[in-house]
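Following the hints, put chain B in place on chain A, whose structure we already have.
Going line by line, the protein sequences match chains A and B. Counting from 2, one number per residue, gives the positions in the first sequence under the numbering used here. Counting from 2, one number per residue, gives the positions in the second sequence under the numbering used here.
Everything labelled a hint here was simulated from the structure, so no lab data went into it. Small disclaimer: the values here were computed from a predicted structure and weren't measured. It is possible that part of the hints are untrue.
Copies of the same chain are indistinguishable here, so a pair counts whether it falls within one copy or spans any two.
In silico lysine to aspartate or glutamate, EDC-like type, Cα no more than 20 Å apart, as pairs [said to hold, decoys possible]:
#1 LYS174 / ASP404
#2 LYS195 / ASP224
#3 LYS223 / GLU213
#4 LYS174 / GLU208
#5 LYS398 / GLU345
#6 LYS357 / GLU323
#7 LYS272 / GLU410
#8 LYS332 / GLU189
#9 LYS93 / ASP373
#10 LYS245 / GLU213
#11 LYS107 / ASP95
#12 LYS96 / ASP220
#13 LYS126 / GLU187
#14 LYS195 / ASP269
#15 LYS133 / ASP334
#16 LYS248 / ASP95
#17 LYS262 / GLU213
#18 LYS398 / ASP271
#19 LYS311 / GLU323
#20 LYS125 / GLU86
#21 LYS379 / GLU345
#22 LYS195 / ASP64
#23 LYS214 / GLU323
#24 LYS133 / ASP95
#25 LYS36 / GLU419
#26 LYS263 / GLU323
Number of protein chains: 2
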Amino acid sequence: MKIGIITIGNELLSGFTLDRNAAWIGQQLLSAGMKVDIHHTIPDDFADIYDTLEYQWSRWECDHIIVTGGLGPTVDDITVSAFIEYFDDTDKFDKDYWDQLSDRFKKLNFKMPNLNKNQAFKVKKGNMIPNKVGSARGLHYTKEHASFFKGVKAMVKKTSKVVNFYALPGVPKEMKSMFTNYVLPEIEKTNLNKVVCKSIRTTGVPESILQEKITDIIDSNKDNCDIAFLPHRMLGVDIRITSKNAKLVDELINTIVPRIKKYVYGFDKDKLEQVIADLLLKSNLTVSTAESCTSGLLAARLTDVPGSSKYFKGGSVCYSNELKINDVGVKSDLIERYGAVSEEVAGALAKNIANKNNTDIGIGITGIAGPDGGSEKKPVGLVFVGIFYQNNLYIKKYNLTPDRITNRELTVILCLNEIRKILRNS
Amino acid sequence: MKIGIITIGNELLSGFTLDRNAAWIGQQLLSAGMKVDIHHTIPDDFADIYDTLEYQWSRWECDHIIVTGGLGPTVDDITVSAFIEYFDDTDKFDKDYWDQLSDRFKKLNFKMPNLNKNQAFKVKKGNMIPNKVGSARGLHYTKEHASFFKGVKAMVKKTSKVVNFYALPGVPKEMKSMFTNYVLPEIEKTNLNKVVCKSIRTTGVPESILQEKITDIIDSNKDNCDIAFLPHRMLGVDIRITSKNAKLVDELINTIVPRIKKYVYGFDKDKLEQVIADLLLKSNLTVSTAESCTSGLLAARLTDVPGSSKYFKGGSVCYSNELKINDVGVKSDLIERYGAVSEEVAGALAKNIANKNNTDIGIGITGIAGPDGGSEKKPVGLVFVGIFYQNNLYIKKYNLTPDRITNRELTVILCLNEIRKILRNS
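Chain A on its own, in the form it takes in the complex (with noise of 0.2 Å):
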């Protein structure tokens, strides 16, 4: 099965825009046991979009064309038309549609634009994909392989098949929901060579050092089982095993696992902060935290679960050093003898801001985000990490990049995995 991916627009061939979308398709797709064999990015152009997705068709003879941007409401969006004219398809007014996007607007307090009139339409021989999260919906047309083109290299095979074709919004939330909850689907369906695909998910350890650990197992597998090593996110790893045989995967899986388990904190699609959910919420724990220089994230990352109010009851964006002290309590002449961004006041942050808001766990988190405020002594990523429970304190000391975005999500990551491993543990 071949699939081919069309992304439209000027801002990505200028580079105003990285191809996201096309590489979380190709990601999903593999999560799949999929792969993407030919992907076009062309501009906002209604040739361009009729002749690649001839080309696609044809040259390439992709079973299913994902094509994503150009359904919005305004003039440059014109993968509709191109679809239409294609497909030798007409349109017309949904009423229904167009009252129902009417009704949304009325509720985030814009009169609708009549231009918004463009996406209430339906076609005649495709199907509208729903839109769950945004107006424009996709469109879904299926097509008979009956002709072909000859490739100056490339062999010409005879078969029939029929070819689906997928158009997709731009907007990545619109984009990921629709390709979820329809494309992949429909793309699964007809999926006959279908490999079983899982994942461990690792935090807190090099992609070498893993590889290390297992390259008897990868090696005596290779025959029969694919053991790749994804860096997702930072300081993340995911183990993936793909293979046709189902139950090799789960063997593969219960001898790698005991090997790094102390790295290991999930499997497929857990999320770290999932992950703790579920520990605090079985051990019926409360939490609250006092940042500086993450300034709420972690808290942020916290409360990204559903129903985190039952553990999380919230804490202190402690910045300025004033906040550190009147609002969490830490004594100023600690922070005068070791620092504001020292163990002590990391641990002072973590049992203080417990107390105050009666938790059982408190973090405190202090350091240096950057780009400034370095010094020889306490460089730009030097950052404490402070964690209160059972009247015990743990401290981390961590020396992280030059970079201050980098240094503040790589701190709620360490952050969280410090935190799962104490409770593991207890």
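Here is chain B on its own, set in the frame of chain A:
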């Protein structure tokens, strides 16, 4: 003039690696006043490379075709063979370059692996592009545009011209060095039509409403100027103006901005949080936050800007009612009477946090992020933002979406935009 890019690699198609090379080349060309017309991402496959060269040359009629990837010493690097075949050329061992390479390896105390012998060749009809930072040299061929491919919908023109083909390594450092030192100067030699590109950044308004307000301007300039709408993150839309006429671009910006003034927060690469930071610093104002449903996201965003400690003191993440009362001093009977998600509580959070932390501005946020916790009267997506400044209380009520993550991020952006408007008007 038309420019095409071909990036080669299975790891790009699977989304394992984000295609930053193509984006980078697009940016370089745009900065030099040119744009990319087509970009293909294809597998490491001889026939695919050969056919894609042919396709960009014939259907797209590119003047310059830039290929990256597949020049390394390992087996899956087959770009060179595809080029040699495509141009009906031959290569031979290049003793001089082999000696240079051996010498370089020796200096690094490595024995030169035989694999690198693949890289010590030269072609007959094309030029070798020097590599200042690595071992694989690039290729440069030219070819007269002599035959035509008829796109199904594309116009067929009969002109004759010389087309340039470049093969560059996929390693970013090597690709960038060759592009800057060799390819860009070659392209610039042939470029007679430079373009200028500027953006107006807006927020808090849908794309379609923006367009309606400037439809006449778009129409009356469509022959000389491209005006595009780029939805960027949530609720942010850039209006990008591209033209060969630099004066016209400036004139259009001066005509468009007054019509949509209240939505414009900046130009080109300006960020909303940076714009607010500048406004706060200019007036020497400080700010603190009391966040319930966003749980630290606003504080984190305000401190994404380096040096934010000059205006941001900190705040409270008052996720539970207990903390709204004990930490931010909201009266419990206010919560009982109006509910925690209410205009009154948002106002109290804003006012109290400013007083508690002694800042000029206080911001309070309370809402129902979802997916649970909604009721008929107060559905998921209901959010109140309070801003206390100069003894005035500004309250905004929003009915957002059913999605938790979206509601939290949208709230932060809408709130930042309110702060911007209040500061700009004061």
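Status of the hints after comparison with the structure:
no., hint, in the structure
1, LYS174 / ASP404, "between (27 Å within a copy, 11 Å between copies)"
2, LYS195 / ASP224, "within (16 Å within a copy, 51 Å between copies)"
3, LYS223 / GLU213, "within (15 Å within a copy, 59 Å between copies)"
4, LYS174 / GLU208, "between (30 Å within a copy, 16 Å between copies)"
5, LYS398 / GLU345, "within (11 Å within a copy, 42 Å between copies)"
6, LYS357 / GLU323, "both (17 Å within a copy, 11 Å between copies)"
7, LYS272 / GLU410, "both (15 Å within a copy, 19 Å between copies)"
8, LYS332 / GLU189, "neither (60 Å within a copy, 55 Å between copies)"
9, LYS93 / ASP373, "neither (59 Å within a copy, 38 Å between copies)"
10, LYS245 / GLU213, "neither (25 Å within a copy, 54 Å between copies)"
11, LYS107 / ASP95, "within (18 Å within a copy, 71 Å between copies)"
12, LYS96 / ASP220, "neither (61 Å within a copy, 28 Å between copies)"
13, LYS126 / GLU187, "within (17 Å within a copy, 48 Å between copies)"
14, LYS195 / ASP269, "within (17 Å within a copy, 46 Å between copies)"
15, LYS133 / ASP334, "neither (55 Å within a copy, 38 Å between copies)"
16, LYS248 / ASP95, "neither (49 Å within a copy, 43 Å between copies)"
17, LYS262 / GLU213, "within (14 Å within a copy, 58 Å between copies)"
18, LYS398 / ASP271, "neither (27 Å within a copy, 34 Å between copies)"
19, LYS311 / GLU323, "between (30 Å within a copy, 13 Å between copies)"
20, LYS125 / GLU86, "within (12 Å within a copy, 46 Å between copies)"
21, LYS379 / GLU345, "within (14 Å within a copy, 44 Å between copies)"
22, LYS195 / ASP64, "within (15 Å within a copy, 40 Å between copies)"
23, LYS214 / GLU323, "neither (47 Å within a copy, 47 Å between copies)"
24, LYS133 / ASP95, "within (17 Å within a copy, 60 Å between copies)"
25, LYS36 / GLU419, "neither (36 Å within a copy, 45 Å between copies)"
26, LYS263 / GLU323, "neither (38 Å within a copy, 36 Å between copies)"
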